[in-house]
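Undergrad: Listed here are the chains, written in short residue letters.
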Amino acid sequence: MSFLNKDKNQAYFYVAPAVILVGLICIYPIVRTLVMSFTDNDGLNPANFIGFKNYIRLFLDPNYITPIYNTVIWTVFATIFPVAIGFLFAYSMQFLPRSNYFQILVYLPATVSAAAAGVLFGFILDKSGLINQILSFIGYDHLVRDWLFRAPENTYSMIGAYTWQSTGINMMIFIVGLQGMPKEQLEAAKIDGAKGLTLVFKIVIPMIMPYFVIASLLALINSFRVFDQVWVMTQGGPGRYSETLAVTMYREGFVLFDLGYAASVAVLISLVGLVFSYFYLRSVLTKEDVGS
Amino acid sequence: MNYKTIERIKVITGLSAMAVIVMAWLYPVFFLLVNANKTASQYAKGDKTEIIWGTSIIDNAITAWNKGIGDGVLNSLLYGFAGSALAVFFAFVAAYGIVRLKIKNGLIWFLIIYSGTVFPFQMYLLPLFEAYVAVGIYNTKIGLILVYVGLCIPFATFVLRGFFLTVPWEIQEAAKIEGATNFQILHKIMLPMAKAPLLLVFLIQFTWIWNDLLFGMVLSRSVGVRPITTVLAGMKDLYASLDGPTILTATLMASIPTLLIFLLLQKHFIRGLTLGSMNAGKG
Chain A
779 MSFLNKDKNQ AYFYVAPAVI LVGLICIYPI VRTLVMSFTD NDGLNPANFI
829 GFKNYIRLFL DPNYITPIYN TVIWTVFATI FPVAIGFLFA YSMQFLPRSN
879 YFQILVYLPA TVSAAAAGVL FGFILDKSGL INQILSFIGY DHLVRDWLFR
929 APENTYSMIG AYTWQSTGIN MMIFIVGLQG MPKEQLEAAK IDGAKGLTLV
979 FKIVIPMIMP YFVIASLLAL INSFRVFDQV WVMTQGGPGR YSETLAVTMY
1029 REGFVLFDLG YAASVAVLIS LVGLVFSYFY LRSVLTKEDV GS
Chain B
14 MNYKTIERIK VITGLSAMAV IVMAWLYPVF FLLVNANKTA SQYAKGDKTE
64 IIWGTSIIDN AITAWNKGIG DGVLNSLLYG FAGSALAVFF AFVAAYGIVR
114 LKIKNGLIWF LIIYSGTVFP FQMYLLPLFE AYVAVGIYNT KIGLILVYVG
164 LCIPFATFVL RGFFLTVPWE IQEAAKIEGA TNFQILHKIM LPMAKAPLLL
214 VFLIQFTWIW NDLLFGMVLS RSVGVRPITT VLAGMKDLYA SLDGPTILTA
264 TLMASIPTLL IFLLLQKHFI RGLTLGSMNA GKG
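Going down the list, the protein sequences come from chains A and B.
Numbered per our numbering, the first sequence spans residues 779 to 1070.
Numbered per our numbering, the second sequence spans residues 14 to 296.
It cannot be assumed that every hint is accurate.
As the list claims (entries may be wrong) - No farther apart than 30 angstroms at their CA atoms in a straight line, the calculated lysine-lysine pairs in the DSS-like style are these:
{"no.": "1", "chain 1": "A", "residue 1": "K784", "chain 2": "B", "residue 2": "K115"}
{"no.": "2", "chain 1": "A", "residue 1": "K784", "chain 2": "B", "residue 2": "K208"}
{"no.": "3", "chain 1": "B", "residue 1": "K208", "chain 2": "B", "residue 2": "K117"}
{"no.": "4", "chain 1": "B", "residue 1": "K201", "chain 2": "B", "residue 2": "K117"}
{"no.": "5", "chain 1": "B", "residue 1": "K201", "chain 2": "A", "residue 2": "K784"}
{"no.": "6", "chain 1": "B", "residue 1": "K80", "chain 2": "A", "residue 2": "K905"}
{"no.": "7", "chain 1": "B", "residue 1": "K115", "chain 2": "B", "residue 2": "K189"}
{"no.": "8", "chain 1": "B", "residue 1": "K115", "chain 2": "B", "residue 2": "K201"}
{"no.": "9", "chain 1": "A", "residue 1": "K973", "chain 2": "B", "residue 2": "K23"}
{"no.": "10", "chain 1": "B", "residue 1": "K23", "chain 2": "A", "residue 2": "K786"}
{"no.": "11", "chain 1": "B", "residue 1": "K208", "chain 2": "B", "residue 2": "K115"}
{"no.": "12", "chain 1": "A", "residue 1": "K980", "chain 2": "B", "residue 2": "K115"}
None of these hints come from the bench; they were simulated from the model.
From just these sequences and the hints, can you work out the full model?
TA: Pasting the structure below:
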């Protein structure tokens, strides 16, 4: 019997193209970036191995406190707002007939690119833009400002735009969770006199806790590596006041050509991201009905 | 008032409140539509909330199309179709090999492919740029198609592996007894059954490619190659002469394809995206 007569051996020819492409586009770069992060590669001169110098620099250089600080702000608020607002939408939709139409409308912003939303919010937050016009109209002239050119207003404004785009996905996760909630338990609690906020905090939220975990981890993963919105709206500026780590990585690598240093920023983003991803995958795999 | 009337009033109040909230939620879209339909001076001087009935949006669309959006749309359509279709093809074949032909250590092969969804894209950028320049495919359409194919295979394999796990084994065994080759089984039996998941994965990946900014920025430079998002993001800097309404119209044009795909598929799509957003890297 020749090698190819067996299905198991033929299978290699079916799997090979995908493995080779993923190997070239995904796996090789990961390994190469890791190696690069221990060198002083500048794209011109031969690279030298410099150990952990890039990483030490990342933590000691005062210039990089701002991006690290901004990334923490992003991770906290771009998780809390979309998850909380997503839950509020999902929970209130429960009591409405034909709420699927509302769901589609709330989800709509998530379907456009972050670049398009970023450009749109650039106009809304512009000095002569919509927000300022509304503020003066209702008599809050002292709040009128250049939202994207002042720190920390720019970071919070961008988190607002990001929340607009990423609330929909959280709402959908919670709708799946609420639909799967055992109704008897809820009815029993209602008969016992639980209502309003007590019902939400004591009964509903504990019951759909796994969905809160999944939504929050997904939000953490995505907000920690935020790039598109920041790049389109402020490019991390003015100066580097609104820079996040993903923007730092891009700037160091493709503007300043400090490749070794950029690689170390990428590795740092990955390490934190992998921790979130580990918990995320663990929660999703034990709760397969989300999205599968 | 009886119980039924009270219930009805409650529902109507709830629906109205939700309608108001959703309208406020979509106000940025209203702002976009209204201001895309203005001339430069109407926008600069006027009230941003004022509706002006006219056809300025057509002139704006023509200007935007000629100032790079046209190239961007055509490029992104090419990348979306070719990148997504090829990725789905390779993933379909690979998932078949892993599940149906029972490759040795199938789970390990699957995890090797799936590992492409775990790391943030920042890990890919520098080596891809370096390698693309070295090989001579930096700033080429082939280069961008290649990167999108590679990036889309892992998630597609994940979904299609799930599909193959659900297909009954009797079908395959019967075809074997009839003398069908493995490729014939894939082509004649599995492919027709897999139409729905294949289309869904194709559209999810098309949407992801269409919305990607990062790889377009890193791997291309000229207008003839850049995808739509990259053109759009560069509009303010590149063409300082472009006015607000034209850029807003361009934003609208860049959003229509993925919006249509979403409205066509709605809930199927959302469920797919919930999982896909892990590697869709939209953050």
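Undergrad: Under the constraints set out in the numbered hints, which ones does this structure not fulfil?
TA: Numbers 10 and 12, in rising order.
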